[in-house]
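Whole structure, please, built from the sequences with the hints as guidance.
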Amino acid sequence: MARLFRSVAVALAVAGAFAARVQASELESLFPRLAGDNSARQRFEDICLNAARPGAEQERQAASASTAALLLAPNATPDVRVFLLRQLQQIGGAEAVPYVARLLNEKEPEVRDAARRALEAIPAKEAGEVLRAMLAKTDDPAWRVALLNALGARRDEQAAPAAAKLLSDKDPKVVAAAAAALGKIGGPEAAKALSAAKSKVPQEIRPAVIDAYLQCADLYVAEGYYDEAIAIYKEYAQSENNLLRIAALQGLVAAETARKSGKPAKRVAKAPAKPTTSAAETDSAAPKKALPEIDSAVLEVWDAKLRKRASAALKGGARPAFPIESLRKRVTVTGLADDGTLSASAADGGAVTLPWSRLTITDKRYLALGVLDDDPRSHALAAFYLFATGNDYEAGKHLKMAGDEADAVKEAFKK
Amino acid sequence: MKGPKVRISRREFVAKASAAAVAAPWVISASAIGGEARPAPSGRIAMGCIGIGNMGSGNLQSFLGHGDVQMVAVCDVDRGKRERARQRVDGHYGGARASGTYKGCLEFADFRELAAREDIDAVMIAVPDHWHALIAIECAKHGKDIYCEKPLSLTIREARAMVNAVRRYGRVFQTGSQQRSEGNFRFACELVRNGRIGKVQTVHVNVGGPSSDLRFPEQPVPDGFDWDMWLGPAPWRPYNSEACSGDYGGGWRRVRDFSGGGMTDWGAHHFDIAQWGLGMDESGPVEVHPPDGREYKSLTYKYANGVVMYHSGNAEGHGNVNGVLFTGTDGKVEVNRGYLRTWPEDIAKQQIGPNDINLYRSPGHHADFLQCVKSRKRPICDVEIGCRSVTVCHLGNIAYWLKRSIKWDPVKEEIIGDEAASRWLDRPRRAPWRL
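In order, the protein sequence lines correspond to chains A and B.
Its first residue numbered 1, the first sequence is counted upward by one per residue in our numbering.
Its first residue numbered 1, the second sequence is counted upward by one per residue in our numbering.
Hints may contain errors.
Listed next, the stretches of chain A that the computed footprint assigns to chain B, with coverage defined by at least 3 CB atoms under 8 Å from CB atoms of chain B [to be verified]:
| # | stretch |
| --- | --- |
| 1 | 38 to 46 |
| 2 | 119 to 125 |
| 3 | 195 to 204 |
Just so you know, the hints here were simulated from the structure itself, not pulled from any lab data.
Glycine included, C-beta positions come from ideal geometry on N, C-alpha and C.
This is the structure:
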């Protein structure tokens, strides 16, 4: 039976590879007609959208890679490039990012902005890295606004420090864009930066900064950090400004209602594309189901691996931030002792010390994703804890990058 | 409601008027205070209109006819349209101008300037779909109550962001799906909700199809028309009069960058009625299947309670569908503008009693909005309702465009298990615009 399954799997893989080759060939053949033929464009888009269907990752990657390569063809007009970038906005992954990134330096403004929009939508973490790097490099205010908008829409937590810094930019449009991005990103770093900035920014931008600050509170409510949200709302509960007072009071009611009911009363629009390393978002994407049972001895082995890797990453400067289930607080982890005791700072500024035994499997998953790097062993850890928390879809992605460790992960869930 | 002479807010006016009504043995009518057949300036709702095209002009005319409205500003990216609108408003208040009490209607090319005016209480938004969310959110942040044309948004995420902004700042928001304010649609939904056709099994909705990625040849931009602002958050493209024409059945409504096509344009009416009849105003379908020529002859929605809804001009055993057709175990109700028919016929003669489910009775879509601006209650087509109805339309479009079935979680508002389809829940916007 096992042999039969293996044969079927091999056959499917071969079929998938064949389909991917056929489709790449058709995309290339359509390319010369994209400039003026609407039917060619429609066919091109249909192929791309079909390739990105669930369960056809090999085809999606192939279509994305073919489209990305065509971007840099010397005979691609700006209009065709914008069209191709639109396809990558819809189906692109990490494989497309280097090609799209090159067009961020394009002189043609419409191509450049279409490249930015594609990176905004591509969920791979590499897209966020490119946008952050470009933000660090540019001093063009309009381009900064555009990049901040993209990073905010991605809810890119790693962009928070750069956005926070731009809250003191001399251009009010950049400040407003930085505030808006931080409001979408949320979390303690964003809230802290906005709190500090709201009294310092020019009067005309203050409402935008406070609006973003209140959005941070809304995010706290949506994510279950009621104390942090309430602290923000209370700042404005007695404001002389009617609108702010209304917003604060609405927020307080929402937070208290959510706390009592145990589920968020506020819905927060999520980013259209979800960075693959964001544990908070993989949670919501995962269908709820019974979690797999894991042998305690097996778990101990993986916990030891996680402690070792996390400890090294923390010593190297990593500072993963995530909510600790038992504390119902979002913390930034600062250290991990040899015995597994975790040191962290809470969103309210207080210090947290927690023995390893109090970490739940979800906490460990956050930790594994928070210290994720390119090492296959790191991906294996991510895959293990994602499987352990029932998120097979995301786990599968990391499993593919887990190298030799992949078998160990599969072995752990063999039952 | 800060009139040109009396500096008192509408809220203060309402509060003081209420107190006076309690204290005094009689009520002085607003028209008596104003000395004309409408409330005094301090009792009127100061309104601005953003977008004065086909729908905008109609809405402007209607609001001008309400004595409790003082139209104080108009805004459009087309100089000709905004000048004509301003002249129309000035002409309407011509008598007041002669008496020296009217200072003229303001004119804006940029909605942000209108939104920032502290002397405007409410706005009417009738711009192309790709602008609805950004303008409405900006207005909500400035404390405006909002009447916004349907469909509520260009994307599902925009719709939710609009709900959040409206709730955060405690605004009144009426979605322009005005069929909810028409008696025959309400009665049809009451028949369905009260089980007069038995258990609902299917709904057929007859509206146009999705928009597509249309392109047009470049033309010179007309003088006085701000094309870049008209495009706003949509991807840049060269000007073409057809691309931005507001003609019903053509123009921008056919273009995917600007609209969801007939699915969202008429869908925001008829799918909205379907949602109302099904009692799904805070929920939605769980599966959407595009036509595949086999199992699904037409776009098919499935609700968790087993009801199946078809986007189709024909129903098996019924023929052409006139608007919306609800089919239950004991009968059918078909409803459209100025039309209601039931099978058996006597269902239509039944009364809805006081102990039955009585749906919201609106005095008219615009009048209902104005009443709610004063009462601070939620109007008949509140932003959440607009959000849920347009979500149904958008999900249908996504299934059409991707040519595959999607599963929808109406609680989390997420597409399940299809990352590429999830990308269609929103669209990146052209800089510098952001949601």
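Hints, one by one, checked against the model:
no.	hint	result
1	38 to 46	holds (count 5)
2	119 to 125	holds (count 3)
3	195 to 204	violated (count 0)
In terms of the numbered hints stated before, the structure departs from hint 3 and from no other.
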